[in-house]
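Chains as they are written, first to last, in my numbering: chain A, 524 to 966; chain B, 3 to 258.
Treat the hints as calculated values from the structure; they're not laboratory data. Hints may be right or wrong, so weigh each one.
SDA-like cross-link-like pairs, simulated, lysine to any residue; straight-line CA separation at most 25 Å [said to hold, decoys possible]:
{"#": "1", "chain 1": "B", "residue 1": "Lys119", "chain 2": "A", "residue 2": "Lys799"}
{"#": "2", "chain 1": "B", "residue 1": "Lys168", "chain 2": "A", "residue 2": "Met772"}
{"#": "3", "chain 1": "B", "residue 1": "Lys119", "chain 2": "A", "residue 2": "Lys869"}
{"#": "4", "chain 1": "A", "residue 1": "Lys560", "chain 2": "B", "residue 2": "Gln122"}
{"#": "5", "chain 1": "A", "residue 1": "Lys799", "chain 2": "B", "residue 2": "Lys168"}
{"#": "6", "chain 1": "A", "residue 1": "Lys799", "chain 2": "B", "residue 2": "Gln122"}
{"#": "7", "chain 1": "A", "residue 1": "Lys813", "chain 2": "B", "residue 2": "Asp69"}
{"#": "8", "chain 1": "A", "residue 1": "Lys816", "chain 2": "B", "residue 2": "Lys168"}
{"#": "9", "chain 1": "A", "residue 1": "Lys578", "chain 2": "A", "residue 2": "Arg792"}
{"#": "10", "chain 1": "A", "residue 1": "Lys869", "chain 2": "B", "residue 2": "Asn107"}
{"#": "11", "chain 1": "A", "residue 1": "Lys560", "chain 2": "B", "residue 2": "Tyr154"}
{"#": "12", "chain 1": "A", "residue 1": "Lys560", "chain 2": "B", "residue 2": "Leu121"}
{"#": "13", "chain 1": "A", "residue 1": "Lys560", "chain 2": "B", "residue 2": "Tyr85"}
{"#": "14", "chain 1": "A", "residue 1": "Lys560", "chain 2": "B", "residue 2": "Lys168"}
{"#": "15", "chain 1": "A", "residue 1": "Lys578", "chain 2": "B", "residue 2": "Gln124"}
All of these numbers come straight from a predicted model, not from anything done at the bench.
If you want the building blocks of each chain, they are given just below.
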Amino acid sequence: MDEEYDAIVLGTGLKECIISGMLSVSGKKVLHIDRNKYYGGESASITPLEELFAKFNAPAPDETYGRGRDWNVDLIPKFLMANGLLVKLLIHTGVTRYLEFKSIEGSYVYKGGKISKVPVDQKEALASDLMGMFEKRRFRNFLIYVQDFQEEDAKTWKDFDPSTANMQSLYEKFGLDRNTQDFTGHALALYLDDNYLQQPAIQTIQRIKLYSDSLARYGKSPYLYPMYGLGELPQGFARLSAIYGGTYMLDKPIDEIVIGEGGKVIGVRSGTEVAKCKQVYCDPSYVPDKVRKKGQVIRCICLLDHPINNTKEALSTQIIIPQKQVGRNSDIYVSVVSYTHQVAAKGWFIAMVSTTVETKDPETEIKPGLDLLGSIRQKFVSVTDYYEPIDDGSQSQIFISESYDATTHFETTCLDVLKIYKRGTGEEFDFSKVKVELGEEDQ
Amino acid sequence: MATNRTGSQRANGAPQTKVCQFKLVLLGESAVGKSSLVLRFVKGQFHEYQESTIGAAFLTQTLCLDDTTVKFEIWDTAGQERYHSLAPMYYRGAQAAIVVYDITNQDTFGRAKNWVKELQRQASPSIVIALAGNKSDLAAKRMVEFDEAQAYADENGLLFMETSAKTAMNVNDIFLAIANKLPRNETGGAAGAGGARRLADGEQPRSSACCNRAPPRAASDTRSGAGDASGRGVRGLRSSLRKAGFTRALVVSQAV
Numbered sequence: 524m525d526e527e528y529d530a531i532v533l534g535t536g537l538k539e540c541i542i543s544g545m546l547s548v549s550g551k552k553v554l555h556i557d558r559n560k561y562y563g564g565e566s567a568s569i570t571p572l573e574e575l576f577a578k579f580n581a582p583a584p585d586e587t588y589g590r591g592r593d594w595n596v597d598l599i600p601k602f603l604m605a606n607g608l609l610v611k612l613l614i615h616t617g618v619t620r621y622l623e624f625k626s627i628e629g630s631y632v633y634k635g636g637k638i639s640k641v642p643v644d645q646k647e648a649l650a651s652d653l654m655g656m657f658e659k660r661r662f663r664n665f666l667i668y669v670q671d672f673q674e675e676d677a678k679t680w681k682d683f684d685p686s687t688a689n690m691q692s693l694y695e696k697f698g699l700d701r702n703t704q705d706f707t708g709h710a711l712a713l714y715l716d717d718n719y720l721q722q723p724a725i726q727t728i729q730r731i732k733l734y735s736d737s738l739a740r741y742g743k744s745p746y747l748y749p750m751y752g753l754g755e756l757p758q759g760f761a762r763l764s765a766i767y768g769g770t771y772m773l774d775k776p777i778d779e780i781v782i783g784e785g786g787k788v789i790g791v792r793s794g795t796e797v798a799k800c801k802q803v804y805c806d807p808s809y810v811p812d813k814v815r816k817k818g819q820v821i822r823c824i825c826l827l828d829h830p831i832n833n834t835k836e837a838l839s840t841q842i843i844i845p846q847k848q849v850g851r852n853s854d855i856y857v858s859v860v861s862y863t864h865q866v867a868a869k870g871w872f873i874a875m876v877s878t879t880v881e882t883k884d885p886e887t888e889i890k891p892g893l894d895l896l897g898s899i900r901q902k903f904v905s906v907t908d909y910y911e912p913i914d915d916g917s918q919s920q921i922f923i924s925e926s927y928d929a930t931t932h933f934e935t936t937c938l939d940v941l942k943i944y945k946r947g948t949g950e951e952f953d954f955s956k957v958k959v960e961l962g963e964e965d966q
Numbered sequence: 003m004a005t006n007r008t009g010s011q012r013a014n015g016a017p018q019t020k021v022c023q024f025k026l027v028l029l030g031e032s033a034v035g036k037s038s039l040v041l042r043f044v045k046g047q048f049h050e051y052q053e054s055t056i057g058a059a060f061l062t063q064t065l066c067l068d069d070t071t072v073k074f075e076i077w078d079t080a081g082q083e084r085y086h087s088l089a090p091m092y093y094r095g096a097q098a099a100i101v102v103y104d105i106t107n108q109d110t111f112g113r114a115k116n117w118v119k120e121l122q123r124q125a126s127p128s129i130v131i132a133l134a135g136n137k138s139d140l141a142a143k144r145m146v147e148f149d150e151a152q153a154y155a156d157e158n159g160l161l162f163m164e165t166s167a168k169t170a171m172n173v174n175d176i177f178l179a180i181a182n183k184l185p186r187n188e189t190g191g192a193a194g195a196g197g198a199r200r201l202a203d204g205e206q207p208r209s210s211a212c213c214n215r216a217p218p219r220a221a222s223d224t225r226s227g228a229g230d231a232s233g234r235g236v237r238g239l240r241s242s243l244r245k246a247g248f249t250r251a252l253v254v255s256q257a258v
């Protein structure tokens, strides 16, 4: 440990592991440390099942849960958008070869107490029970407009400037009612709240395009999920970092981040050992005095021995409950994975209900989500603060990631990573650096 | 996870070569020659001053045995063994392992025994383990006796050879011995979970017929026993070899 590094990365959550991989690939000498014995921090998948029960102070699971080792339970639920940033990162870095994925089978949206399939193309729009006859046609016209839209070709904008006009006005242009706006903004564009209505429409158009491009890639839904759980992702990127020379130490407590002249970081101390460095990259838990609370997320892990009603017995699914449907300001998300992803024993399902906390009684807030699940064998609730850094790290050279938010996919995760990389190195990450060198491995 | 893609496919009635793919992991103390063994096996090269593993920690090599093509997906530790920080992912689904020690260094033999224990604890129960006493060209400086290692290997049911990445002695042989010991029957070996895929550039969009027509594959993942055989989709395939496998999967589904 007593050496000098370009960068020391603290915590092996997904964001830190991606950053570590990028830095190593860019030729930086990296030391990557975690205080835990395992990879993944908050983005680990807990195994065996006994460990999960112990973590929430519950009595040990009985034999109906099968072998504990067959379980890998995520603490933070998210899916990958098949055409999203994380998939691009996985492919460009070659990390994809360490992982296997399955498509999530269904994508549903909640309306008036029941769930319906999210319609994404013209055919589905016309068949959907979410809209009446005339509204379906209007929605179909809207979908066609989005599909044909090309940012670089103003002809496809059809007398509407999406870079200045807001999304509300685009909805109005197509005459879409509040209901349709609701599932479009929340189940297709995946916004957490309604602030997007006042933003330039281009952002929403791009998000809907991401959804439909992702869907076009592998089928049934736009989402992918890794076999053995999300905890595989940080491990994959950690391996990338190691392959490019990164040094890994687990189970290593960090006692101090050593600051030198001008408030700039000069190293990290563990016990009596000090590793010198020019920069530190870390998650908020390593620097409690350099982050501020941004909000709270409630996540409820539910173990089920049956699929969710009205999802055609799907072994995996996502259900979005748009905020307005249940009188809230932020959406409630339900994600379901199961034994088919090697994250649960045969016959078992793991449902996660989550949202951004808005009241003093967060458990009541997620009730509409829990009500969709049917009988729940075991429930684990966690309410966690999420943090953001108080500065951009340019002075201290300590670059801090934001906690994982309530979004259902990894787009904000990746954007944060790319932003941090740019803040730390002063340049955009050059994907071409990896591809060339990894090429020769592949025969 | 490496999948044992067995398939004695009969396209138009003609028998084809079986292709089995196995994940093989290397273990052993730093500087015993893990990467050198692989480089010798895969590329026929040897570098006296091989750098600590950087850049290439995932190599593939194909062996032909009788009517079967055995493809090894070889995982090197990438130095993550140094501070005992190998990720569980490393062992996950491995069907074979080579535990390497340096015959001129007794400590590395002790460490090798620990790795064997670790494999017995963490890896699939059916994993084929080979013990390699490397640097046999340095027999003059030998600190670990051949008989001692052989006895240990026999006790633990391991394949054993002394190897030299420098002279190439027994390098191909040890991989061949492993390939011979791995199950190559239709359903043998640890099959991947049905329908899981690797992601790759330029993968076929769903409109392509193959995505939903892959045959159900046996899902006897020994680690969890919780596979399904629903056969949704096939793995996204990267190299041309894998593409060949992809085509075969398609052929089967049409034949069925």
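Comparing the hints with the structure gives:
{"no.": "1", "hint": "B:Lys119 - A:Lys799", "verdict": "violated (36 Å)"}
{"no.": "2", "hint": "B:Lys168 - A:Met772", "verdict": "violated (31 Å)"}
{"no.": "3", "hint": "B:Lys119 - A:Lys869", "verdict": "violated (28 Å)"}
{"no.": "4", "hint": "A:Lys560 - B:Gln122", "verdict": "holds (20 Å)"}
{"no.": "5", "hint": "A:Lys799 - B:Lys168", "verdict": "violated (37 Å)"}
{"no.": "6", "hint": "A:Lys799 - B:Gln122", "verdict": "violated (38 Å)"}
{"no.": "7", "hint": "A:Lys813 - B:Asp69", "verdict": "violated (63 Å)"}
{"no.": "8", "hint": "A:Lys816 - B:Lys168", "verdict": "violated (58 Å)"}
{"no.": "9", "hint": "A:Lys578 - A:Arg792", "verdict": "violated (28 Å)"}
{"no.": "10", "hint": "A:Lys869 - B:Asn107", "verdict": "violated (46 Å)"}
{"no.": "11", "hint": "A:Lys560 - B:Tyr154", "verdict": "violated (30 Å)"}
{"no.": "12", "hint": "A:Lys560 - B:Leu121", "verdict": "holds (18 Å)"}
{"no.": "13", "hint": "A:Lys560 - B:Tyr85", "verdict": "holds (11 Å)"}
{"no.": "14", "hint": "A:Lys560 - B:Lys168", "verdict": "violated (37 Å)"}
{"no.": "15", "hint": "A:Lys578 - B:Gln124", "verdict": "holds (22 Å)"}
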